[in-house]
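With the hints as a guide, bring the two chains together.
Just so you know, the sequences run in chain order E and F. Start counting the first sequence at 105; every next residue gets the next number (my numbering). Start counting the second sequence at 36; every next residue gets the next number (my numbering).
Incorrect hints may have been included.
As the list claims (entries may be wrong) - Pairwise CB distance ranges (calculated):
(1) F:380 x E:226: 27 to 35 angstroms
(2) E:142 x F:298: 39 to 47 angstroms
(3) F:212 x E:249: 54 to 62 angstroms
(4) F:168 x E:123: 53 to 61 angstroms
(5) E:249 x F:198: 39 to 47 angstroms
(6) F:307 x E:216: 29 to 37 angstroms
(7) E:116 x F:375: 31 to 39 angstroms
(8) E:142 x F:400: 17 to 25 angstroms
The set of hints was computed from the structure by calculation and includes no laboratory data. Predicted model, so just to flag it, every value in this text is computed and none were measured. Don't be surprised by glycine CBs; every beta carbon is placed ideally from N, CA and C.
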Amino acid sequence: MNAGMDDLYREVILDHHRSPRCSEPLDHPDAEAAGKNPSCGDEVTLQLAFDGERITAVSVHTEGCAIARASGSILGELLAGRTQQEASLLAEAFRLTMHDENAELADELNPGDLEVLTGVRKFPVRVKCALLPWITLLEAVHALQEGRPVGETTTEV
Amino acid sequence: MESRDLSLSAPAGIQPCDGQRGDCTHCGPLFRDRFPLLRRNLGGRPLIYLDNGATAQKPEAVIAAEARYYRENNANVHRGMHTLASEATDLYEGCRSRVARFLGVGRPEQVVITRGTTSSLNMVARGLAHRLRPGDEILVTEMEHHANLVPWIRVAKNEGLVLRHLPVTDGGLLDLDRLGELLTDRTRVVALTHVSNVLGTINPVAEIAEAAHRRGALVVVDAAQSVGHLPVSLEALGADLLAFSAHKTYGPMGLGFLAGKPEILEDLDPLESGGEMIETVTMDDATWAEVPHRLEAGTPNVGAAAAFTHALDLIDEVTVERLRTHEISLNAYAWERLSGLGGLKLFGPADPSARGGLISFHDPSVHAHDMAQLLDSRGIAVRAGHHCAQPLHKRLGVVATTRASFAMYNSHDDIDALVDAISYARSVFAI
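Just chain F, same shape as in the assembly (with noise of 0.2 angstroms):
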C-alpha cells in the first residue's frame, strides 16, 4: 500500500482511452457482474448507473458479508465477556486495521469510525471549537459540500471566528494566487475538499497543506469523492485529519471514517459522549477513554463496518490505479460526447486527468430537473440540483446541474446511452 504510485494520471505503460473503439482495453465496465443491482431493469430498460457520487452501488461480497455478521456473530463491541461479543470485536477493529492500511496510515488507533463524511467533518469541527478563540480564522473553498462548509459556519459563528473563502477561477480550479493573502497568522484550520463533488476538480491538496502548515494551521480534508478513485493518502496530501464515507465507496450506508494524526485527534473534544467513550465514570465526573474509543460513544454500525472491508478488498483487487484510468478515459470520452453535442456548458477542467470521475453540465434549454426525469425514463440515474454545493453553484451562475458521476461498472456504452438519453430530453422541449 505505502509503495502506490501517487501520480495522478495514469501510470506509465497504460495510455488512457481515447474513445476509439476495437483497439481500446478501458472501454468496457470493470467487475460489472460483481454488483447483483446493475442487473435490475427500469420500465424495461437496463439500469445505467451514473449517480456514483451519491452512493455507490454494492458488490455482492458486501451484501454477504453484512448479512453473514448478521446471521452468525452479531453482538455489541467492547463490552461482554462471550464468543460473538469477541467476533463482533474483531471484526470491528478489523474494519479500523484495513482502512487505516487502506489509506497508509501508521496506526489503526489513527482511524475512528463515524457515520459518514458529515459526522467525521462534524466531529472536527464542533471538537476543534476549544482550541479557537475570537478572531482566530477558517479557511474553507468556494467549491465545498455543504458538509464541510456548514459546521465551520456554525463554530465560526459560536466563537467569533472569522471565516475566509479560497475562489474558484472560471477553469473550476481553486485560485492558487488568492491563497497567499487568505493564509495569515491567525489562521487555524484550512478546511478542503480533495476532489469537488460537481466540477470533478482534483484540487491540489499537498501544496495547500504546505502552505498552510507553514503558518501553523491545521489541514482538514474532506475525501468522500476522492477514497476509491485516487490513490489517497493522509501523508502524501499532507492532511492533518481526512474524512470519507463507505457507502461511496461500495460499502454500506450508515458508515464513515476519520483519520489523522495522533496529536490532533486527541485533542478533539468529543462531541457525543455516553457508553463506549468513557475511562471511569462517577455520579458527578467522567474521564474520557483513549482515543479512537473517546470519539466513538454508543453502539456503532459494527454490520456494516464488518462488510466494508470486502469493498475495499473488490478496490485493492482491480487496483487504484486501474480503477483511475478507467475513470480518466470516462472522462475524456465522456467530455468529447457531450462537447459533441453542443449547447451543454460543463464544467470543471477539460483535463480527464485533472478530475475524479464525474462530469456536471447545464443545458440552458431544459432545466436540470426535468433533464433527470427524462433520463429516468431511459433508465439513466443521474443526479440534478445543487449537489449541496449552493455557493458554488452561485458561483458558476446556474441554479442547478445535472451530473454524471462514475465508478468501476460504468462503460463508454453508458455514455453512448446518456447522451442518446439527453438528445431526447433536448427533443421533447424542441420548440
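Isolated chain E, as found in the complex (with noise of 0.2 angstroms):
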C-alpha cells in the first residue's frame, strides 16, 4: 500500500470497517440520536441505554465510508461502562485532537483503537467522517443532560 494510505486505512480501521461493533440495535434504548453528512451520504444512528450515569449498552450503525464507519465502530466497543461525563470526556478530547496535529490523547482516557484514528489527520478533508459518530454522542449527552429533544448533528460545514 501507499505510505499516505497506511496512515487512512490501517488494519485496525478495515477491520472495524467489514465487522462493525455493536451495530445490533438495542430493544429498550433510553436516548437515541442520528448525524448525518448530506455531501458524502454518511449516516450515523446512535443508541444508549443507561443505568443512572452509567452507559450499559450500545448501538451503533454507521451507512458510509470506511472511515466513518470504523469510527463509528470504535465508539461502540469504548463507551460501554462509560459514564456520561466519561465519554463526552473522550469525545472532546477526539474532537480536539483531530483539529491539532501536535495534540495526542491521554491514556488516562484510555482511547483504545480511537489512537489509531488519529492518523485521520493528515488528510483534512475526511476529519469530518471520522468525527460524525462522536459529535453525535456528544448532542445525545447534551440534549440528556439539559433536557431537551435531541437534534440531528452533521460535521459538515
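Pasting the structure below:
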C-alpha cells in the first residue's frame, strides 16, 4: 500500500469497517441520536441505554465510508461502562485531537483503537467522517443533560 | 460553423474505436502537450486527470492570454476614453462575438457574459419570474444538476408555481413517455440539461423543445457538460436560452455565458443592477441599457474573456467532430474495461454514442470517497459524491458515485490506469 494510504486505511480501521462492533439495535434504548453528512452520504444512528449516569449498552449503525464506519465501531466498543461525563470527555478530547496535529489522546482516557483513528488528521477532508459518530454522541449527551429533544447532527459546514 | 455536422455519433468515415490497440487511431491523447498542468507528478506518479466534468485543464495559450491581458491591456471596459480601455473593450466584445460564432448564434448581442452556468441559470429563473403567475408550471428533469433545479425551486416557492419533473428511466434516459402528460397549458418553462453530469446521457433536447414550444413554453438548456464535447447550436437544439461555463471548456474560471433569442433576453428582469447596465439614472429613477449590457452589471471578468477565445480556437483546431469521436472511443473503452472488472454498477446508457464523455459507477464494496482517496494515491483525479445531483442519486438508489470524465487529452492508457487503481482500491478493502 502507498505510504500515505497506510495512515488512513490502517488494518485496525479496515477491520472495524468490515466487522463493525455494537451494531445490533437495542430493544429498550434510553436515548437515540442521528448524525448525517449530506455531501458524503455518511449516516450514523446511535442508541444508548443507561443505569443512572452509566452507559450500559450501545448500538451504533453507520452507513458510509470506511472512516466513518470504523469510527462508529470504535465508539461502540469504547462507550459501554463509561459514565455520560466520561464519554463526553473522550468525545471532546477526540474532537480537539482531530483538529490539532500536535495533540494526543491521554492514556487516562483509555482511548483504545481511537488512537489509530487520529492518523486521519493527515487527510483534512476526511476528518469530518471520523468525527461524525462522536459529535452525534455529544449532541445526545448534551440534549439529555439539558432535558431537550435530540437534534440531528452534522460535521459538514 | 453553421455547416457543422450535428449528428451525435461519429462522423461518416471515422469508426469509433473498438478498444483494439495497434491499428486504432483514436486511442491516444489529443493535444496533450498543450496543457502544462498535465506534466505534474503526484507522489512520484504522473497525474491522470479524469475530473473534467468538474473543470477542464487549461491550454498554455489560455494561461498566456490571461497573463498577457493583465500585463498589457488591463483597463475597465465600456468606460474611459483611453487606449487601454478601448483595447480591453475590444477583447471583451471579441469574446462575445467568438462565442456567438461558436454556438451558431446570429448576433453577438444574443450572448450575455456571466460568471458561469450557475450565474446564467439564476439570471434566467429570477429574470423570468415577473412573467409567471401562481399556478403556472415549470418542468425540469430528475437528472438536473442543482444549478438548474434550486433556482427553479426558489422561484416556484416565491411565485406560487408548480414544479414538475420528467423522471429518469432505469436505463438512465429521460422518460419521454411521460412528457405528454407533464407538459400542460400551464407549462411556462421547460428547463433541462443537454448532457447529464452523472449519467452522461445526451438528452433529445430538440424533440423536447418542439413539444414544449407547441405548448407555448420556453426552453432553457444547461449546456455545461456539452459545449466543447458535442456540437452545440442554439438553433439545432431549439433552445430559447442556453447556459454554459468557460472553465469546463478549457477556459478560465469565473466566466460563463447565457445565449438566447433576443426577445427573450430582452424580457429578462435584471438580477443585478448598478453600473454598466443602465442608460440614464436620476436620484429616484433609472432606465436600463440595451441587452446584453442590461444583464451585465458591474465590472466583468475581462481577463478571462480575453483568454477564453483561445480555448475556443483550440477546440476549433481539434474540431468538435474529432473531439466527439475521441470521447466516444473513450466511453466505449471505459465501459468495456469497467464492466470487465465485475461487480461495478455502471450508470447511464451503454451505447458510447448516447453519452457525453463521462462515466459514473458504484462499487458496493468500496464507498465512493474511499475509492476517490485511493485513486488519488495512484495519481488519478476523479470526482466522488453526489455531483450536485442529489435527487438523481436518490433515483439511482445510491448516496454517492465515482465519476471519470474525459477531455481531449485523455487516452485509453488513462482508462487502463484507472482500472488498475480500482483493482488496487478493492484489494485494500478485500476481506
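Results of checking the hints against the structure:
1. F:380 x E:226: 27 to 35 angstroms: 31 angstroms, holds
2. E:142 x F:298: 39 to 47 angstroms: 40 angstroms, holds
3. F:212 x E:249: 54 to 62 angstroms: Roughly 56 angstroms apart at Cβ, these two residues keep to the hinted range, so it holds.
4. F:168 x E:123: 53 to 61 angstroms: The hinted range 53 to 61 angstroms holds for residue 168 (chain F) and residue 123 (chain E), with Cβ atoms some 59 angstroms apart.
5. E:249 x F:198: 39 to 47 angstroms: 42 angstroms, holds
6. F:307 x E:216: 29 to 37 angstroms: 55 angstroms, violated
7. E:116 x F:375: 31 to 39 angstroms: Check passed, 33 angstroms falls within 31 to 39 angstroms.
8. E:142 x F:400: 17 to 25 angstroms: 23 angstroms, holds
Figure legend: structure checked against the earlier numbered hints; the only hint not met is number 6.
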